[in-house]
Each structure stands twice: as structure tokens, then as C-alpha cells.
Amino acid sequence: MSAESFMKRYGPGKFWQRLATAPDFYARLPPLPGAMDLFEAVRHLDPIILTGLPRGTWAAGQKVRWAAQHFPGTRIITCMAVDKRDHCHPGDVLVDDTLKHRHLWEAAGGIFVHHRNVADTLEELARHFPLAEAAAGRGASAGA
Numbered sequence: 001m002s003a004e005s006f007m008k009r010y011g012p013g014k015f016w017q018r019l020a021t022a023p024d025f026y027a028r029l030p031p032l033p034g035a036m037d038l039f040e041a042v043r044h045l046d047p048i049i050l051t052g053l054p055r056g057t058w059a060a061g062q063k064v065r066w067a068a069q070h071f072p073g074t075r076i077i078t079c080m081a082v083d084k085r086d087h088c089h090p091g092d093v094l095v096d097d098t099l100k101h102r103h104l105w106e107a108a109g110g111i112f113v114h115h116r117n118v119a120d121t122l123e124e125l126a127r128h129f130p131l132a133e134a135a136a137g138r139g140a141s142a143g144a
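Positions 1 to 144 (the numbering used here) are the ones given, in order, by the sequence shown.
Because the hints were derived from the structure by calculation, they are not lab data. Some hints here could point you the wrong way.
[What the hints assert, rightly or not] Below, computed lysine-lysine pairings styled on DSSO-like, alpha-carbon distance capped at 30 Å:
1) LYS14 with LYS100
2) LYS63 with LYS100
3) LYS63 with LYS14
4) LYS8 with LYS100
5) LYS63 with LYS8
Sequences and hints are given; from them, build the entire structure.
Encoded structure:
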């Protein structure tokens, strides 16, 4: 059963409860397609992974292990999604696929980039700062 079907049938509470009992659920996820291209395009800017957590204490360690495996040496901050704004300094750019808390990030002085696909995200990021050419070119063609 797909995650969407499970959530429709049993509700979000049961869905998250099931994930909380799955050993290393987040730690075992593969990076999304294009993630490495996006990261390479901004690596020279010393990015920080700011990731939202579900309720409970079970996911933070998994997400930290995931980041260490796929983006070694990159700083990671885990928090509730609504609290991402607490880590915003004016002018900081947040790339996120969820729009729910965009207004909070922007109210804190940040720039929000809605991630829908690699090409569009790279294009939006290029409006704010220079990207690594090779990575930006790869990402743009991969997403087209």
C-alpha cells in the first residue's frame, strides 16, 4: 500500500505512528533525484541542511545520519517545520518543497525558494547568488 493510500485509509496519526516504529526510516531513504546537482551548485556557499521533524524524538538522529552519509561535513539543523524561522537570518535562502510555513520564513527576513524541480530551483537560486557552473548546467539539463 502506498503512503498516500495508507494515510487516506488510516489517517495521518496512524501513518506517523507506523513510521516512528520503522527502524532507520529516514536514514535509509535515498536522496531525491537531482539532490546532488542542487548541492553541488551551492556547495561553495557552505549550505546548511535545515530539516523539519515529525512529532516525537525518533526522527532527528535518523535525519542527522542521513545527512552525514550523503552530504558529509555539511551542518544539519533539525527542528519542527514551523520553527525553521527561528534559524533564519535576514537574507538567508531556504529551499523547501512545502509552502505551509513560507510566510514565517519570509517574515523573519529570509528568501523562500519553492522546490518543484531541479531546473526551476537552480534558476531561482541563480537570481540570488552565483552557482557553480558545472553543477548548475547538469541540474538544468537533468530537470528539463
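Determine which of the earlier numbered hints do not hold for this structure and return their numbers in increasing order. Checked against the structure, no hint fails, so every one of them is satisfied.
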